[in-house]
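Asks: Which chain is which? The protein sequence lines are B and L, in order. Sequence positions in the first sequence follow the numbering used here and run 144 to 473. Sequence positions in the second sequence follow the numbering used here and run 144 to 473.
Hints listed in this document are in silico derivations from the structure and should not be mistaken for laboratory results. You can trust all of the hints, since none of them are fake.
Since the list can't tell identical chains apart, any single copy or any two copies may satisfy a pair.
Computed list of lysine-lysine pairs in DSBU-like fashion (alpha-carbon distance at most 35 Å, straight line):
no. : residue 1 : residue 2
1   : K197      : K448
2   : K472      : K447
3   : K371      : K417
4   : K190      : K396
5   : K220      : K392
6   : K403      : K443
7   : K190      : K448
8   : K417      : K197
9   : K396      : K220
10  : K190      : K443
11  : K448      : K403
12  : K190      : K447
13  : K421      : K448
14  : K197      : K396
15  : K443      : K417
16  : K199      : K443
17  : K448      : K472
18  : K472      : K443
19  : K392      : K197
20  : K448      : K199
21  : K356      : K220
22  : K443      : K371
23  : K396      : K199
Everything numeric in this text was worked out from a predicted model, so none of it was measured.
Each chain, written out:
Protein chains: 2
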Amino acid sequence: MERKAIDTNALSEAILNGDRIALSRGITLVESRHPDHRSDANELVRKCMPAAGKAKRIGISGAPGVGKSTFIESLGKQIIQSGSKVAVLAVDPSSPISRGSILGDKTRMEWLSTNENAYIRPSPAGDTLGGVARATREAIILCEAAGFDHVVVETVGVGQSETAVKNLVDIFVLLLLPGAGDDLQGIKKGIVEMADIIVINKADGENMSAVNKAIGFYASALHLLPLKNEKWQVPVMSCSALFDTGMEKVLHKVMEYFAKIGSFVTENRQQQAKYWLKESVLEKLHQHFYSQESVSNAFKDMEKKVENGLIQPFEAADQIFAFYLDALKK
Amino acid sequence: MERKAIDTNALSEAILNGDRIALSRGITLVESRHPDHRSDANELVRKCMPAAGKAKRIGISGAPGVGKSTFIESLGKQIIQSGSKVAVLAVDPSSPISRGSILGDKTRMEWLSTNENAYIRPSPAGDTLGGVARATREAIILCEAAGFDHVVVETVGVGQSETAVKNLVDIFVLLLLPGAGDDLQGIKKGIVEMADIIVINKADGENMSAVNKAIGFYASALHLLPLKNEKWQVPVMSCSALFDTGMEKVLHKVMEYFAKIGSFVTENRQQQAKYWLKESVLEKLHQHFYSQESVSNAFKDMEKKVENGLIQPFEAADQIFAFYLDALKK
Numbered sequence: 144m145e146r147k148a149i150d151t152n153a154l155s156e157a158i159l160n161g162d163r164i165a166l167s168r169g170i171t172l173v174e175s176r177h178p179d180h181r182s183d184a185n186e187l188v189r190k191c192m193p194a195a196g197k198a199k200r201i202g203i204s205g206a207p208g209v210g211k212s213t214f215i216e217s218l219g220k221q222i223i224q225s226g227s228k229v230a231v232l233a234v235d236p237s238s239p240i241s242r243g244s245i246l247g248d249k250t251r252m253e254w255l256s257t258n259e260n261a262y263i264r265p266s267p268a269g270d271t272l273g274g275v276a277r278a279t280r281e282a283i284i285l286c287e288a289a290g291f292d293h294v295v296v297e298t299v300g301v302g303q304s305e306t307a308v309k310n311l312v313d314i315f316v317l318l319l320l321p322g323a324g325d326d327l328q329g330i331k332k333g334i335v336e337m338a339d340i341i342v343i344n345k346a347d348g349e350n351m352s353a354v355n356k357a358i359g360f361y362a363s364a365l366h367l368l369p370l371k372n373e374k375w376q377v378p379v380m381s382c383s384a385l386f387d388t389g390m391e392k393v394l395h396k397v398m399e400y401f402a403k404i405g406s407f408v409t410e411n412r413q414q415q416a417k418y419w420l421k422e423s424v425l426e427k428l429h430q431h432f433y434s435q436e437s438v439s440n441a442f443k444d445m446e447k448k449v450e451n452g453l454i455q456p457f458e459a460a461d462q463i464f465a466f467y468l469d470a471l472k473k
Numbered sequence: 144m145e146r147k148a149i150d151t152n153a154l155s156e157a158i159l160n161g162d163r164i165a166l167s168r169g170i171t172l173v174e175s176r177h178p179d180h181r182s183d184a185n186e187l188v189r190k191c192m193p194a195a196g197k198a199k200r201i202g203i204s205g206a207p208g209v210g211k212s213t214f215i216e217s218l219g220k221q222i223i224q225s226g227s228k229v230a231v232l233a234v235d236p237s238s239p240i241s242r243g244s245i246l247g248d249k250t251r252m253e254w255l256s257t258n259e260n261a262y263i264r265p266s267p268a269g270d271t272l273g274g275v276a277r278a279t280r281e282a283i284i285l286c287e288a289a290g291f292d293h294v295v296v297e298t299v300g301v302g303q304s305e306t307a308v309k310n311l312v313d314i315f316v317l318l319l320l321p322g323a324g325d326d327l328q329g330i331k332k333g334i335v336e337m338a339d340i341i342v343i344n345k346a347d348g349e350n351m352s353a354v355n356k357a358i359g360f361y362a363s364a365l366h367l368l369p370l371k372n373e374k375w376q377v378p379v380m381s382c383s384a385l386f387d388t389g390m391e392k393v394l395h396k397v398m399e400y401f402a403k404i405g406s407f408v409t410e411n412r413q414q415q416a417k418y419w420l421k422e423s424v425l426e427k428l429h430q431h432f433y434s435q436e437s438v439s440n441a442f443k444d445m446e447k448k449v450e451n452g453l454i455q456p457f458e459a460a461d462q463i464f465a466f467y468l469d470a471l472k473k
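Here chain B stands alone, though its shape is the one from the complex (with noise of 0.2 Å):
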C-alpha cells in the first residue's frame, strides 16, 4: 500500500495556528505505531518544539471512582474563565481493561467538552508504557504548539503509569476519597510519595468526618517522609468537585507552586528529559535482546532451573548472555 504523504509544514503552521483539527491530527500522528509514520511525527515535533514549553503541565491521579473527571471539569473551567486554555490528556498504559473508563466518557466534563478554549484527547493506546509517555509527551508539545497554557494530563492511579505521567508534569496532584488507609485506597505504594499536592475529594455531606479522619492520616504520613524540596511542604486538601465547593483553593495551591518552585520546573524538566533518554533506550535494548528467540528460549528455561534450584543465578545468567552473543554473530 502507498503511503499517504503528509506534509508536515502545513500541518505544524496550523497547530501554531491555534487549529484544533490539526492538533488532532498532530496527536494522531505521534501516537501512530505504524513505523513510516515515525520521521514524520519527528519532524512535526522538531517544527512545534520552539513555540512549547510554555504551560503548566500538572498531573492529576487517583484510582478509579475517586472522580477524576469531575474534579478535572471543575478545576479546568476555574481556569478557563480565568482566561487561560486548558488540553486534558490522558495517560493509560494498563490498557484493555480500564480503556474506556478513562475520559472514555467525554459526558462527565461537559462543560470543558464544548468549550473552545479547552481540547480533551482519550487515552493513547499503547503497548508499552514507553511507548505511551512517548506519545503523552509529544502530544503535550503540539498542544503548548497550538496555544493552550495549561495541559492537564489524567492518570488512573493504580499502575506504573503514575511514575511516567509524574515524570512529564511539572506537578503531581493526587485525589483520594475520604477515609484512611484502607490499603491506601487500592492506589500503589509509593504513590503518595510523589504527590505535590493531595486533596481529599468528595469532601460533601455525610463524608466529612471521614474528610478529616483522611487530613489527619495523610498529614501524619507525609510528616514521616523527608522533605522534596525545601521550598515546597506538600498541602493535604480536601474540597467536593461535584459541588465546586474548595476548588478554588485548589488551584490557588496549584498556581501558588508554580510561583514558588519556578526554577525548580526548568530544572526538573531537565531531568525528566534525560530520564525519557535513558528509559526509552534501555526499552529499545531490552525489547531487542528478549526479541532473540534463542534468548528468550534459554531465559524460559534457565528461570525453571533457578527456581528449582539446579543451578546458580548468576551462572544461569552467564549462559543466557552467551546465547545473546551468539545470535548477534549470526
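Fit chain L to the given chain B structure using the hints.
Replies: Just chain L now, with coordinates in the frame of chain B:
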C-alpha cells in the same frame, strides 16, 4: 603466566567437612574477578549446593555508628551458646570510603572472632553491585555447606546494598539509633519498608526517652504501610547490644519469624533466585551496550542535546540505538 590448577573436588570435600581454611579459599575463589577462575568457582558452588540451603539467613543493616558489630557479636554469641554455628559475611559495594569500617576491625567482635563455631569474613571487593551480590550469595552457599546453620549478612545502611541484601537473606533486621525522624537517621528512604524486625539499639542510660520516641515514631510509620505478610506484623524493639540487654528478645523474635513464616522462606528464596537471574542478565546487557564506544559517545552527546531541548528524548534514544545496531554489525 600459567594458571594454577584448582582441585574443586578436594576443595569442596574439605568445605563439606567443615574445614575453615578450605572455606576461606573457596570464598576467595567465588570472589575472584579473574575470568579464568569463573568456571572453577561455578563448579565448586555446584558441588556445594546439595549440602546448602539449610541455614537461617539473617540480614542486619543500619547506618554507620548504629552499633552493628556489637549487635552481631552479642547475637552471634547467643546463637552459639544455644548450640548452633554462625558465619558472618559483609556486603559493602559502596567500597573505598566505607571499606574497613565494616568488619575490618575484627576486634569489635572479639568473642566471635576467637570462637570455633563462628566464622567471620570481611567485605568482598567488587566493582558492581551484581558482582558483590554474586560473591555474597555464593559465599552463603559455601558457609552452609561447611555446616554453619546461621549466616548473618551485614550491610551498611546507606546505599543500594540494602536491596541486594534483602534479596540474599530470609529475614531483614534494621538497626536504628534512639530518636525519631532526623531524616530517617541517614538511612535511605524505603529501607524501613524492607525491614522484618526493627531494633532500636543503644537503649541504655540517658538514651531511654529517645528510645521510646523512636519506638513510637517507627511503630506509627509502620502502621501507615500495608502489611507485607499477613502472618507477620513487623515489631519495633529495643536493646543494648553493648550491655547485652534485650538481646534474647530480639533473637527470640528472629526465631519466631522462621517458625511462623516457614513456607514463605522457601517461596521467597525462589523469588530471590529469579530476581538475581533477571538482574544479572540486565547488568550484563547494559555493560555490553555501554561498552560500545560509539554508543557511549552518542549517549553523552544526546544527553546534552536533550537537556538543552534540542531534540526530544525519544528521538534521541532511537538514534543512540541505531549506533548500537551498527556496532553489532562490525
